[in-house]
Structures are given as structure tokens and as C-alpha cells.
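Chemist: Top line first, the protein sequences correspond to chains A and B.
Residues 1 to 161 (the numbering used here) are what the first sequence spells out, left to right.
Residues 1 to 380 (the numbering used here) are what the second sequence spells out, left to right.
Please keep in mind that the hints were generated in silico from the structure rather than gathered at the bench.
One thing to keep in mind: the hints can contain errors.
What the hints assert, rightly or not - Simulated coverage check for chain A against chain B, where a stretch passes if three residues somewhere in it have a Cβ under 8 angstroms from a Cβ of chain B: (1) 29-36; (2) 54-68; (3) 141-155.
The beta carbon of each residue, even a glycine, is placed where N, CA and C say it ideally should be.
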Amino acid sequence: MKLHENYKDIPGWGMDADPENEPTYPMKNYTGDDHHRSDYPRSAPQPKDVEILMSTERPKISAVFGNTVPPSGLSGKIRRYAFSHSEDRYRHWLPLILADRINVVEGIVSDIKKGHVPNMFAERGWKMEIKHNAKGFALKVATTAALGIAMYWLLCGKKRK
Amino acid sequence: MEYRGPYRVRTVEKPMPQILHPEDAIVRVTRTCICGSDLHLYHGMVPDTRVGSTFGHEFVGVVEEVGPLVQKLKVGDQVLVPFNIACGKCNFCKQGLYGNCHESNPMATAVGGIFGYSHTAGGYDGGQAEYVRVPYADVGPTVIPPDMDPDDAVLLTDVVPTGYQAAEMGGIKQGDTVVIFGAGPIGIMAARCAWFFGPSRVIIIDHVDYRLEFARNYAYCEAYNFKEMDDPVVFLKKTTDWYGADVCIDCVGCEAEGNALQTFSGRIAMLQAGAGTALQWAINSVKKGGIVSIVGVYGPPFNLIPIGNVLNKGITIRANQASVKRLLPKLIDHVQQGRLNPKGLITHKVPLEDVADAYRLFSSKLDNCIKTVLIPSTKA
Numbered sequence: 001m002k003l004h005e006n007y008k009d010i011p012g013w014g015m016d017a018d019p020e021n022e023p024t025y026p027m028k029n030y031t032g033d034d035h036h037r038s039d040y041p042r043s044a045p046q047p048k049d050v051e052i053l054m055s056t057e058r059p060k061i062s063a064v065f066g067n068t069v070p071p072s073g074l075s076g077k078i079r080r081y082a083f084s085h086s087e088d089r090y091r092h093w094l095p096l097i098l099a100d101r102i103n104v105v106e107g108i109v110s111d112i113k114k115g116h117v118p119n120m121f122a123e124r125g126w127k128m129e130i131k132h133n134a135k136g137f138a139l140k141v142a143t144t145a146a147l148g149i150a151m152y153w154l155l156c157g158k159k160r161k
Numbered sequence: 001m002e003y004r005g006p007y008r009v010r011t012v013e014k015p016m017p018q019i020l021h022p023e024d025a026i027v028r029v030t031r032t033c034i035c036g037s038d039l040h041l042y043h044g045m046v047p048d049t050r051v052g053s054t055f056g057h058e059f060v061g062v063v064e065e066v067g068p069l070v071q072k073l074k075v076g077d078q079v080l081v082p083f084n085i086a087c088g089k090c091n092f093c094k095q096g097l098y099g100n101c102h103e104s105n106p107m108a109t110a111v112g113g114i115f116g117y118s119h120t121a122g123g124y125d126g127g128q129a130e131y132v133r134v135p136y137a138d139v140g141p142t143v144i145p146p147d148m149d150p151d152d153a154v155l156l157t158d159v160v161p162t163g164y165q166a167a168e169m170g171g172i173k174q175g176d177t178v179v180i181f182g183a184g185p186i187g188i189m190a191a192r193c194a195w196f197f198g199p200s201r202v203i204i205i206d207h208v209d210y211r212l213e214f215a216r217n218y219a220y221c222e223a224y225n226f227k228e229m230d231d232p233v234v235f236l237k238k239t240t241d242w243y244g245a246d247v248c249i250d251c252v253g254c255e256a257e258g259n260a261l262q263t264f265s266g267r268i269a270m271l272q273a274g275a276g277t278a279l280q281w282a283i284n285s286v287k288k289g290g291i292v293s294i295v296g297v298y299g300p301p302f303n304l305i306p307i308g309n310v311l312n313k314g315i316t317i318r319a320n321q322a323s324v325k326r327l328l329p330k331l332i333d334h335v336q337q338g339r340l341n342p343k344g345l346i347t348h349k350v351p352l353e354d355v356a357d358a359y360r361l362f363s364s365k366l367d368n369c370i371k372t373v374l375i376p377s378t379k380a
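Only chain A is shown next, with the shape it has when bound in the complex:
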């Protein structure tokens, strides 16, 4: 017997099914449409005008998508690699995190190339820390500075040896 064609012939098939037992209700109003799988009416596809990286777990691109910030530069290359692996793999997610960090450096370089030096003080909203948490913020800055100096001293000390 080919099970996928004749599964309803299996003795007892479906006899204990309880339509009331729907653990996802009321989030999900079960209609049985899941069994039609990917066969449902779609909206017309959005024209693709930039590079869109697509999950390998999809047969085709969704009808609409965001077209912001297409992949570019070194981070873009890493993102393309990441998207050659499924969402199940660390090889997908870890490279994306790496690409995000590289992308930050690319952003700073791009700013400077355009003649704009990023205002880290303003972009990090430190004004609020000084206004509402002056002591804590000063302590944080002092600790970071002390750790930085200690690291520098350790590294330079090693080099001297």
C-alpha cells in the first residue's frame, strides 16, 4: 500500500480525532488550509530592484519584501555566504553577526569618506546619561578608562620583555 495515497485506509485512521483539541486556539482559527501547503492565492510579486538575499528554506521570494540597505562591501560578501546556508545552521547566523560588526566599521569609513565624522557622543545619547545618571556614568567611564590603561600597560609590558 502506498501510504501517502491510501493513508485513510489504515485501521482506526482519524477515529479519535477531536476538533476541539486545538492547542493554538484562539491564536489560530484552524481551517485545514495547512494541508494545501503552499498552494494559496498570492498577491502580484513586487518588482525586484535590488539584491535580496533569500532563505534557502523558501522555494521563491515572498510577494512583498523590504528593499532597504542591500548587501555591499565585505559585510555583503559575508551575508551572501550566510544565506547559502539554511536558518538551521550556525553557518547562517554567526556570519551574519560578524557581517553586522564589520558593517559598523564600513559605516564609519563611509561617513568619513563623505567628510562626516560621526558624533559618537550624540549618537550614543550620552547627554541623557550625564543629565540623569552623572555619577554612574562617571564611574562607567572611569572603569573603562582604567581597564583600557591596564590592558595597554600589560601589552606594552609584554613587548618590552
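With chain A fixed as given, assemble chain B onto it according to the hints.
Modeler: For chain B alone, kept in the frame of chain A given last:
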């Protein structure tokens, strides 16, 4: 608003968004919030968050332009826009799972499209802007009732539905004891909404005293600081007659505090998708056969949680992104009848131009901040 890297955002001039699909609309934003889950992006915790992105998935505004196939909205309509982008046609949308649409995000199958929430959630620009592109404009956006305060409306795009669904998924029975982890805006709203289902006790756990005090007053609940306990799980067992809570709700997600191993492996070394402390506590604090509801946001790969205890205690776990569209009619009624006061959560209103200050204020929990609303300066 533009993301430049972890803890760095700024305002910039960007080109006007365009109609890219016949079912799109362009909305002029009049109010937009910073969500607790935006902080995960701001802190660099969500993979594929690209420099140059605009965040923001909680916004209301005025329809400025509609695509040729949009029938239900017209230019000038004041709309609240659910945070999830839903086609209304796929099998998931048809069954009410508007937070799991299959036709709004080509970049991942584990999450539907969300405004301004990284390329993992579709690569859309968000609403922390003067104008925003809104796909599937006939499905998600809802015209704001004329008598509704826009401050209430903007919180109906995410906070209220997510808090409500957190309680709803708990399957709360009359007389139950409900424990909520996290006294951020979602946790406070979940605590308030839990009462709609008839529990006898609602307990909220956090470590920020001003938020616990706010929760006591806003959500009529018991509130406890876990930093004042030896062990929050033992505390909760003891306070439930050594039985465990009937329902536990995780409203914290990946940036939880309270467990050094979880914090190091999840938030510092990023060896797991954030710290699973709240979820671990929820599983270990709920009774045998109890229900754990999750609305706290975690990253995609995996988390260290005591799954063996889930099996051995017979726990039911229920979780999802809120199905905003499904819940809106009921929640609008609760607001209009005065049973819910969403705008009571708002503690700060900040011009959009000061977005970097607003993020810092919320992220560092300064000035007793609970919920920040950004106001763009654009005039009609």
C-alpha cells in the same frame, strides 16, 4: 532615524519612501514608540541588522498615498499600523496567524515581516521616521476611531495586543495564580490584561524598583524584586503553597539578568540566542501540568533552557508574535469602554530629532522611563 551600530543611532534625511507594490500605502507618521524589542536591535543582538536601517514597528499616522489596488484606505485616513506585515491571503493569515505571514519576508521562514526589525524580519524600514512604506495596506492598517486618543492608538499597534496575547496564551482559569517575568511595558500590560481572564493573583518579577512600583499601581498586581531573593524559583514555590504558579509568562526575552552563566553565554559571548534566564525561571516556577507563555523576544539560533523539566512536568509552552489584527476589535472596545488605559504607560514624549537621547533614556532605564513616544515634526 538611522542605525549606525550597537548603541549608536542618529537622525538623517532619507529619500521619501515610494509605492513599490500596488497594495502599498505611504503613511505620514504622527506618533511612534520605541519598543523594548527595539533595544535588542539597538544593542546589536539581532543578526542581520544592517547599518543604515530605520527601526520602529509601533506607529500611527495619516495615509498620504495609496497604491492602485488599495481599496479600504484613502488618503487622509488616520491609521494605526500593526507591527506585523501580513498579506491576508496565505494559509497562516487565513487562520488568524497574522504574525506568521508567509508572504512578507523572503529572508527567513522563522519569522514574518516586521516593520523596521532587521533583515531577518524582511528588511523593511520602520516607522521611526516622518514617512513609511506600508505593504498590504488593505490588511493590517486600521482606521483609528474618531474618539480615540492617538496616544492610546499607538500602543494598540504592539504593546497592548502583545501583552493581551501573552495572557490569552496562558489559558488562565478563574482563581489561577499568574506569574509574569519582566516589568517592562509588555510585562506590565500582560499583568493588567491577565485580570480579564479571572485569576486570583497576578505576580510580576523584575529587578528595577521604579518599574515594580509602576506595575503595582498600573496593573493592580503584586510586584517583587528578584535581587532581594535568594532564589526566585524557591520564592515563587513558597508563595504558591509549594505548588508552583498555574501560569508563567516570559515578557523579558534575550536580555534577561539574574543568572551569571546565562548572562555570560547569552549576552556577552553570544554563544546562545541571548540569556534564557526568564524562560528558565518560568519553566521551573510553573506547576506540573502548567502553562508557560512566551512573548519575550529571543534570537534565532537556540537557547539553553531546561527542556527536560518541560517534559517531566508536562508543561505546555505557548508562544507567538502577537496577532494584532485578530485582537484589535476586542482591544479597541476595552479602550473605548475605559477598561484599559494604554496611554497610562507613556512616561516620555521626545521629538524624533532627539532619537539618540530617547534610545539611551529607555535602554539605561533613566528618569523612571517606562515608555517613550517619538513625535516627528512633519506637518501635513
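Chemist: According to a criterion of three or more residues whose C-beta lies within less than 8 angstroms of a C-beta of chain B, is the segment 29-36 of chain A covered?
Modeler: Contact hint for the segment 29-36 of chain A vs chain B: holds, 6 residues under 8 angstroms.
Chemist: Are at least 3 residues of the segment 141-155 of chain A within less than 8 angstroms of chain B when you compare beta carbons?
Modeler: Coverage by chain B is violated here, the residue count being 0 at a Cβ distance below 8 angstroms.
Chemist: Is the coverage entry for the segment 54-68 of chain A by chain B consistent with the three-residue Cβ rule at 8 angstroms?
Modeler: holds (count 12)
Of the hints listed earlier, the one the structure fails to meet is number 3.
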